[in-house]
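A.B. asks: Add chain B to chain A, keeping to what the hints say.
Read off the chains here:
There are 2 protein chains.
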Amino acid sequence: MQSEQLEKMLAHQLVENLPNHSVRDIYEYAVLPGGKLFRPHLVWSVLQDLNPALYETSKTNLNSDHARLSSAVEFHHTYTLLHDDLPCMDNDLTRRGKACTHIAFGEWQALLAGDGLLNISYQLLAKVKNQRALELLKFFSWALGPKGLIHGQVMDLSHEMTKSFASTLRTHELKTARLIQVSILGSALIANIKNYKAEKNLWKYSRLLGVNFQLIDDLSELAEEKLSEHELDVNPWLKFPAEALNETLKGLKQFETVSAELKLQNTNKIVLDYYKKMLSVIEPDLVNVNLHLKGKLDLAPVILVMKRFSNL
Amino acid sequence: MQSEQLEKMLAHQLVENLPNHSVRDIYEYAVLPGGKLFRPHLVWSVLQDLNPALYETSKTNLNSDHARLSSAVEFHHTYTLLHDDLPCMDNDLTRRGKACTHIAFGEWQALLAGDGLLNISYQLLAKVKNQRALELLKFFSWALGPKGLIHGQVMDLSHEMTKSFASTLRTHELKTARLIQVSILGSALIANIKNYKAEKNLWKYSRLLGVNFQLIDDLSELAEEKLSEHELDVNPWLKFPAEALNETLKGLKQFETVSAELKLQNTNKIVLDYYKKMLSVIEPDLVNVNLHLKGKLDLAPVILVMKRFSNL
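Here the protein sequences come in this chain order: A and B. According to my numbering, the first sequence is numbered sequentially starting from 1. According to my numbering, the second sequence is numbered sequentially starting from 313.
Any given hint could turn out to be false.
[What the hints assert, rightly or not] Below, computed lysine-lysine pairings styled on BS3-like, alpha-carbon distance capped at 25 Å:
1. B:Lys439 x A:Lys138
2. B:Lys475 x B:Lys606
3. B:Lys606 x A:Lys129
[Claimed, not checked] Here chain A is said to cover these stretches of chain B; the calculated rule only asks that three of the stretch's residues, wherever they fall, bring their Cβ under 8 Å from a Cβ of chain A:
4. 322–334
5. 457–467
Calculated directly from the structure, the hints in this document are not laboratory data. Virtual Cβ for every residue (Gly too), placed ideally from N, Cα, C.
Just chain A, with the same shape it has in the complex:
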């Protein structure tokens, strides 16, 4: 699936679900152009791996179940970014190389657009025609609600996250992995395959991927010469370097195994593209990374596994 096609789906859903009013500019600014679109890409790659025939008939249909799910996970992701960036949360000024929505349009505008995107994500799921639609909705709302993603945000903002490495991992699991799990397992739920063993494996696969995704993202931030106060405070590679290295290496190897078993060819391609992108950030500035880590860690094994997985 091309990113252009994913953006076309997102744009279509914004037109469908927003009033014909200048407020639409706010939503379009927040959603488009998309970032990496990692989560919607996962929705489609999982479908392509599990049910290629359904993938073929769904991919060009802007109102297919998977088009709705892939837009729902991206809208949900965007709502969390809009709220996270607000002054009372992380107080960020820029996002994806442009001013944050609350800087460009105002705070109440960004807050309400976040609420709007959250509502639209459920509106899209309510239109899914698959017989497992309610099961998908239950999983989605549990994974992203106050016991899931939102609890990860609470752990982050309350500084519970940095109390121990276990708390950091739990925060990554809730705040980052849950939405990635929803993308992968949610896509499988409505892929018309009835294979409960596969679902169990996908749970494990998506959890490993989500936590690794965040740990590698944390590592890539150290490629910057200067780190923000917040980054210095929360980055697990600085707070718990040995544990972060061990966990990343262990997670990457486990992921390699599970992923070889599951033979998710297209999904693995999305993941290796992500690893490639991260390597292209980390490797040229490895000197910065090592300076921040005060040369205490040997990152070669992590880079090796990422390269091996990416066949680089």
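C.D. replies: Quick look at chain B alone, frame taken from chain A:
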């Protein structure tokens, strides 16, 4: 249905859907003790009117479909209050006679608790076992999303609302009536009656009720000796006195007619209790109301219809 029973349902759902963590205090503070609980009361009274047998078996079951819907509409209402009260929105300090949640716990706490309640409301609907569950979800998310309730909030905050009386009415319809319509029509959708004509009438009934509810609420605010800046800016009785009087009178009379046709005995009782409460606020301080209105309006006919409907 007693308010105590509604609060028991709300408390039960908070325990079920929140992590075992101090964050629960924030949600409990925001939700309990409840306010008038007008919306959950409507959910139950509509069921009692349309399907008394189902009402009897559902009312004591904390996990019945209507227990979930009545909690969902109240949680959704509470999320809008939490976000509306934030400094970047209405910047309120007190709510229901106590400090607002963001004053008592902090801004990000109130923002995330709002997001959490919004998610829980969908989580509850995803567990509704009725065969029209997805239809309910579609209606709920449309009525309360960016084309519905949220657009009403946008019209209010952007001052579009006060540009004309028509804009005020539209704002009342979206910001206030939609959630009242979800409570009434949503309850009917899962009441196991298949009467599409009744549904059409309930749409009209609930729209009239919702708009009247807000106009009478606006009127009752004039009973205060001193009005806030915001109130002076937006109260339709001050901005468009003749139109507000006409519309309220017309709406009350239409509601009286529709409501006599529909024979919603229990639901009408909830409404007349509300009118009684509003009369008990307005009548003792009618002198303030008339001072704010500079004596230009004759409110006697409005009070007469409210009393007639309430059999006072």
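A.B. asks: Tell me, which hint numbers fail for this structure?
C.D. replies: Result: hint 3 breaks, nothing else.
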